[in-house]
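With these hints in hand, go ahead and build the complete structure from the sequences.
Chain by chain, the residues:
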Amino acid sequence: MNTSALILMVTVESIATILTGWFFWKVLTIKPKDDEETENQLNNQP
Amino acid sequence: MAVNNDSWGSRVGLVLAMAGNAVGFGNFLRFPVQAVQNGGGAFIIPYIVSFLLMGIPLLFIEWASGRYGGSLGHHSTPFILNSMDKRKIWRYVGVFGIFSNIAIAAYYCYIESWTISYIYHSVIGTFNSMDQTQVAAFFSDYLDVTTSTTGIPYEGLVIFLLCLALNTYILSKGLTDGVERVAKIGVPLLIVFGLFLAIKGVTLKAGHEGVVNSGTVGLNFLWTPDFTSLSNPKVWLAAAGQIFFTLSVGMGSIQCYASFVKKNQDIALNAMSAGWMNEFVEIVLGSSIIIPIAIGYLGIDKVVELTNLGGLGLGFRTMPFLFEQWGNVLSAIAGVAFFGLLFFAGITSSLAMGTPVLSFLRDEFNWKRKNAALAFGIIVMIMGLPTILFFNQGVFDEYDYWAGTVSLVVFALLESILFSWIFGMKKGWREINIGADIKIPVVYKFIIKFITPFALIIVFMGALVRPVNDDWSLISLRGWQLHNESIIGQLQHMGIGPNNTYFAEDFYAENSGMVDSVYTFKNKSYLIISGQTAKGNDQSKVYSFNPEKHRLKVNFRQKVSVGQTLYTGNIINKVFYLDMARLLLCTLFLSISFMVHFAFKRKNRKEVEK
Chain A
1 MNTSALILMV TVESIATILT GWFFWKVLTI KPKDDEETEN QLNNQP
Chain B
1 MAVNNDSWGS RVGLVLAMAG NAVGFGNFLR FPVQAVQNGG GAFIIPYIVS FLLMGIPLLF
61 IEWASGRYGG SLGHHSTPFI LNSMDKRKIW RYVGVFGIFS NIAIAAYYCY IESWTISYIY
121 HSVIGTFNSM DQTQVAAFFS DYLDVTTSTT GIPYEGLVIF LLCLALNTYI LSKGLTDGVE
181 RVAKIGVPLL IVFGLFLAIK GVTLKAGHEG VVNSGTVGLN FLWTPDFTSL SNPKVWLAAA
241 GQIFFTLSVG MGSIQCYASF VKKNQDIALN AMSAGWMNEF VEIVLGSSII IPIAIGYLGI
301 DKVVELTNLG GLGLGFRTMP FLFEQWGNVL SAIAGVAFFG LLFFAGITSS LAMGTPVLSF
361 LRDEFNWKRK NAALAFGIIV MIMGLPTILF FNQGVFDEYD YWAGTVSLVV FALLESILFS
421 WIFGMKKGWR EINIGADIKI PVVYKFIIKF ITPFALIIVF MGALVRPVND DWSLISLRGW
481 QLHNESIIGQ LQHMGIGPNN TYFAEDFYAE NSGMVDSVYT FKNKSYLIIS GQTAKGNDQS
541 KVYSFNPEKH RLKVNFRQKV SVGQTLYTGN IINKVFYLDM ARLLLCTLFL SISFMVHFAF
601 KRKNRKEVEK
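Residue numbers (our numbering), protein chains in the order written: chain A, 1 to 46; chain B, 1 to 610.
Since the hints were made in silico from the structure, they are not lab data.
There could be a bad hint or two in this list.
[What the hints assert, rightly or not] Listed below are the simulated EDC-like cross-link pairs for lysine to aspartate or glutamate, each with C-alpha atoms no more than 16 Å apart in a straight line:
{"hint": "1", "chain 1": "B", "residue 1": "Lys559", "chain 2": "B", "residue 2": "Glu505"}
{"hint": "2", "chain 1": "A", "residue 1": "Lys31", "chain 2": "B", "residue 2": "Asp437"}
{"hint": "3", "chain 1": "B", "residue 1": "Lys553", "chain 2": "B", "residue 2": "Glu510"}
{"hint": "4", "chain 1": "A", "residue 1": "Lys33", "chain 2": "B", "residue 2": "Asp437"}
{"hint": "5", "chain 1": "B", "residue 1": "Lys368", "chain 2": "B", "residue 2": "Asp144"}
{"hint": "6", "chain 1": "B", "residue 1": "Lys553", "chain 2": "B", "residue 2": "Glu505"}
{"hint": "7", "chain 1": "B", "residue 1": "Lys524", "chain 2": "B", "residue 2": "Asp85"}
{"hint": "8", "chain 1": "A", "residue 1": "Lys26", "chain 2": "B", "residue 2": "Asp437"}
Shown next as structure tokens:
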């Protein structure tokens, strides 16, 4: 493979893989919020 | 009275179902073909820009609209949109969110049924002794409903009905026990199958098993950037179109799934997780399977030629032959993996198409889930039969164009205007952020309000007045020649040629050249006219005719020009089937609109009675 193709492929595929993994990991690990927490979050919004 | 009390069993199940909704045939068959045809590696730059500026905002809009409507007890787009603005127009805009799902499911389930058949044929080794022409002919035969490859009469139709029955059954089990369960099995399996094929594809070595080029040659071809293509509007429109279709936005299915998310639960992280999972499957797996394998065995020139047939042609006419080169056992495994991943990609999407229809019938007409699922199956069967019986007359492509392309863009454009300008960005932004587990950059407030609707207008206008040969330099105030596939061109049947009446006694040649061959194969007669375009490209066309009903008017080796009579008899031209398909689609849209009108009247009457 030529260098430019390799750099582009590795960069794009790495970003897609890392972000997919990271977001899915967060989905798996973050506990669901209770109603009170959501209310507080909403009240603190500008 | 039935109450729609469906809900998601788990957050992971929801994200996988949403990802399964987005991941479809296009990830493996359309994306690589689009990339090859639009500058290879440079295509990825407009593709990612489109994802960031159009894809992600549309995901936020649809997830937020869905959850908002769901909190008010609505799970289908006519009612979700109407809850965001009370003007009547929005309930009829919302009809697109039911119409597209039925019309797309009608031909999508048919493709899904091909994958079931191809899994079977891969297992029993049907393709083992076939050359490339025979594998391609096998696909053409399969599309002819009267031909049987297994001994089952009307095989294509029977497998379609089985596939539809499977979809109906799963839908009748509900979200948790049906859709979610399939997504939890299907999406991981799809990724495993994809990884297996991708590893096999990129590790092909020239000289082994008949390989002409190593797998990296295909990757090199796909990823080498051609930055000059970045200045071509065609590439940007193709990238925006690909992002649009790969995410399943503009269909109403995301809103429906999201409407079952509780008011205080996150949608921001869920949307990003499902969206990026789709991108992983498309960019990482989709780019590493058919192009590296096809270039490995057939070479770059042949693959570029084959991409003109589109992804479906490449996937079904070519891949079984390429897998054959790996030996009987591995070819069977590869066939099961490839068509298996397509099957899971397909079924997780077709289930997402059924859910809004079921929700509409259950919410507004109090139907039981099983009855609603059965109704969906029957409507899809009725709409799907013409795509099967008249596939070669272009009905399948007509559905894909109007329901699977134009409707999505129109609906997404209108819903983005509703969300950001009528519902209002202040409320909209608050809605997106309720319960959010990630912080969304504030810049997206600006992007959703200004950039996304503008980008969608550009995509729509680009499709409406697409110039011939995609040459955007032709655009001028004095007008320009339109592409046959532009919306206006399609409406006017611009590409239809000389056979432009419904019924005729003469069938005219649609290309110039010489009668290359006249032959009969499997009870059908064919006439091939070979010629060249002004640019010197090969322009052969195959015409089929029935020797019992038609009288041939040309001879072998005779020179023929466009408009010259090829045969006579009682002829029904393709344009008739195309207009009937449009009529059917319009009837479907109007019928749903009537049901929506009736449902609103019913609802208002009940409220008055209370």
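Status of the hints after comparison with the structure:
1. Distance check on the hinted pair: Lys559 of chain B and Glu505 of chain B sit about 21 Å apart at the alpha-carbon level, beyond 16 Å; violated.
2. Proposed proximity of Lys31 of chain A and Asp437 of chain B is supported: the alpha carbons are some 9 Å apart, at most 16 Å.
3. Taking the CA atoms of Lys553 of chain B and Glu510 of chain B, the gap is about 15 Å. The hint holds against a cut of 16 Å.
4. A hinted pair counts as satisfied when its Cα atoms are at most 16 Å apart, and Lys33 of chain A with Asp437 of chain B qualifies at roughly 9 Å.
5. Restraint check: the Cα-Cα separation between Lys368 of chain B and Asp144 of chain B comes to about 37 Å, which exceeds 16 Å; the hinted pair is violated.
6. Taking the CA atoms of Lys553 of chain B and Glu505 of chain B, the gap is about 12 Å. The hint holds against a cut of 16 Å.
7. A distance of roughly 57 Å separates the Cα atoms of Lys524 of chain B and Asp85 of chain B; the hinted pair therefore is violated under the 16 Å criterion.
8. Taking the CA atoms of Lys26 of chain A and Asp437 of chain B, the gap is about 9 Å. The hint holds against a cut of 16 Å.
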